[in-house]
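Reminder that position 59 of the sequence shown reads as 176 in the working numbering, one-by-one numbering, no gaps.
Just so you know, the hints here were simulated from the structure itself, not pulled from any lab data.
Here the structure is a predicted model, which is why all the values come from computation and not from measurement.
The beta-carbon is built from N, C-alpha and C at its ideal position, and this holds for glycine as well.
Check before you lean on any hint, since a few could be wrong.
Ranges of calculated distance between the beta carbons of each label pair, as one might list FRET restraints [said to hold, decoys possible]:
hint	residue 1	residue 2	range
1	Y162	D142	16 to 22 Å
2	T263	D175	31 to 37 Å
3	D252	T181	27 to 33 Å
Each computed DSBU-like pair below joins lysine-lysine, with the alpha-carbon atoms no more than 30 Å apart [stated by the list, open to error]:
hint	residue 1	residue 2
4	K245	K210
5	K210	K156
6	K255	K233
7	K235	K245
8	K163	K177
9	K157	K210
10	K157	K139
11	K235	K139
12	K177	K139
13	K233	K156
14	K255	K238
15	K163	K238
16	K156	K230
17	K238	K157
18	K255	K235
19	K238	K177
20	K230	K245
21	K210	K230
22	K233	K245
23	K163	K139
24	K157	K235
25	K233	K157
26	K177	K157
27	K177	K255
28	K230	K255
29	K255	K157
30	K230	K177
31	K163	K235
32	K255	K156
33	K156	K238
34	K139	K255
35	K235	K210
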Amino acid sequence: METLINTKKGSATNLGYELKTKQTDNSVIAFIEAVENQKKREDAYKLLEIFSETTGYDAKMWGTSIIGFGSYHYRYATGHEGDAPLVGFSPRKTNFSLYLATGEPGREERLQKLGKHKAGKACVYINKIADINEDSLKQLIRESVTFLLEMYPNSE
Numbered sequence: 118m119e120t121l122i123n124t125k126k127g128s129a130t131n132l133g134y135e136l137k138t139k140q141t142d143n144s145v146i147a148f149i150e151a152v153e154n155q156k157k158r159e160d161a162y163k164l165l166e167i168f169s170e171t172t173g174y175d176a177k178m179w180g181t182s183i184i185g186f187g188s189y190h191y192r193y194a195t196g197h198e199g200d201a202p203l204v205g206f207s208p209r210k211t212n213f214s215l216y217l218a219t220g221e222p223g224r225e226e227r228l229q230k231l232g233k234h235k236a237g238k239a240c241v242y243i244n245k246i247a248d249i250n251e252d253s254l255k256q257l258i259r260e261s262v263t264f265l266l267e268m269y270p271n272s273e
């Protein structure tokens, strides 16, 4: 999700990062309406409702394909920093990517109650809403938001 930019030609020690995934003013509704598969579009609206109601945040587009809720500012020990949504999702061609906090205590246990899914390093993938337990998803969303707001207290 990042593009490496060399800020001083020929210098490997003076590298900066430019995030590709930034919050935009693009319309969340227009993005969902552009989802070709009707069932996937319906599930995207259901996820929009679940994430909005659970977080209390308005949905915002991040980059061209992520619907995010809230934001936090992170800074790594390396000096790299940026902004990211607290939680979010993206209707991909083959599945939905759910963006939930990693490193949150108890996450693995809660994922076991979610239903049919695959967990990657940073994302949870589901095929459709009918495959999962909505209450478990809401719990994962709440825990992710709480974890990130505690870890990055100057976020919103």
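Each hint, compared with the structure:
The hinted window of 16 to 22 Å between Y162 and D142 holds, with their beta carbons roughly 20 Å apart. A C-beta distance of roughly 19 Å is found between T263 and D175, which places it outside the suggested range of 31 to 37 Å. Restraint check, D252 to T181: a C-beta distance of roughly 31 Å satisfies the suggested window 27 to 33 Å. Of the pairs offered as hints, the one joining K245 and K210 holds, with about 12 Å between alpha carbons and a cut-off of 30 Å not exceeded.
Using a Cα cut-off of 30 Å, the hinted pair K210 and K156 holds, with the two alpha carbons roughly 12 Å apart. Taken as a hint, the K255 and K233 pair is honoured in the structure, with Cα atoms around 15 Å apart against an allowance of 30 Å. For the proposed pair K235 and K245, the alpha carbon gap of about 12 Å is at most 30 Å, so the pair holds. The hinted pair formed by K163 and K177 meets the criterion: a straight-line CA distance of about 16 Å does not exceed 30 Å.
Under the criterion of a C-alpha separation no larger than 30 Å, the hint pairing K157 with K210 is consistent with the structure, at around 9 Å. At most 30 Å may separate the alpha-carbon atoms for a hinted pair to count; K157 and K139 meet this at roughly 24 Å. Under the criterion of a C-alpha separation no larger than 30 Å, the hint pairing K235 with K139 is consistent with the structure, at around 26 Å. With a C-alpha separation of about 10 Å, the suggested pairing of K177 with K139 holds against the 30 Å cut-off.
Under the criterion of a C-alpha separation no larger than 30 Å, the hint pairing K233 with K156 is consistent with the structure, at around 17 Å. At most 30 Å may separate the alpha-carbon atoms for a hinted pair to count; K255 and K238 meet this at roughly 20 Å. For the proposed pair K163 and K238, the alpha carbon gap of about 25 Å is at most 30 Å, so the pair holds. Between the alpha carbons of K156 and K230 the distance comes to roughly 24 Å, so the proposed pair stays at or under 30 Å and holds.
Taken as a hint, the K238 and K157 pair is honoured in the structure, with Cα atoms around 24 Å apart against an allowance of 30 Å. Using a Cα cut-off of 30 Å, the hinted pair K255 and K235 holds, with the two alpha carbons roughly 17 Å apart. Of the supplied pair hints, the one linking K238 and K177 holds, its CA atoms being roughly 23 Å apart against a limit of 30 Å. Distance restraint check for K230 and K245: the Cα-Cα separation of roughly 16 Å lies within the 30 Å cut-off, and the hinted pair is therefore satisfied.
As the CA atoms of K210 and K230 are separated by approximately 25 Å, the hinted pair is consistent with the 30 Å bound. Of the supplied pair hints, the one linking K233 and K245 holds, its CA atoms being roughly 9 Å apart against a limit of 30 Å. The straight-line distance between the Cα atoms of K163 and K139 is roughly 24 Å, inside the 30 Å bound, and the hint therefore holds. Taking the CA atoms of K157 and K235, the gap is about 18 Å. The hint holds against a cut of 30 Å.
Distance hint between K233 and K157 is fulfilled; the C-alpha atoms sit about 16 Å from each other, no more than 30 Å. With a C-alpha separation of about 19 Å, the suggested pairing of K177 with K157 holds against the 30 Å cut-off. A threshold of 30 Å between alpha carbons decides the hint, and for K177 with K255 the separation of about 19 Å falls inside it, so the pair holds. For a cut-off of 30 Å, the pair hint linking K230 to K255 stands: about 11 Å separates their Cα positions.
Restraint check: the Cα-Cα separation between K255 and K157 comes to about 19 Å, which is no more than 30 Å; the hinted pair holds. As the CA atoms of K230 and K177 are separated by approximately 28 Å, the hinted pair is consistent with the 30 Å bound. A distance of roughly 20 Å separates the Cα atoms of K163 and K235; the hinted pair therefore holds under the 30 Å criterion. For a cut-off of 30 Å, the pair hint linking K255 to K156 stands: about 21 Å separates their Cα positions.
A threshold of 30 Å between alpha carbons decides the hint, and for K156 with K238 the separation of about 27 Å falls inside it, so the pair holds. For the proposed pair K139 and K255, the alpha carbon gap of about 25 Å is at most 30 Å, so the pair holds. Using a Cα cut-off of 30 Å, the hinted pair K235 and K210 holds, with the two alpha carbons roughly 15 Å apart.
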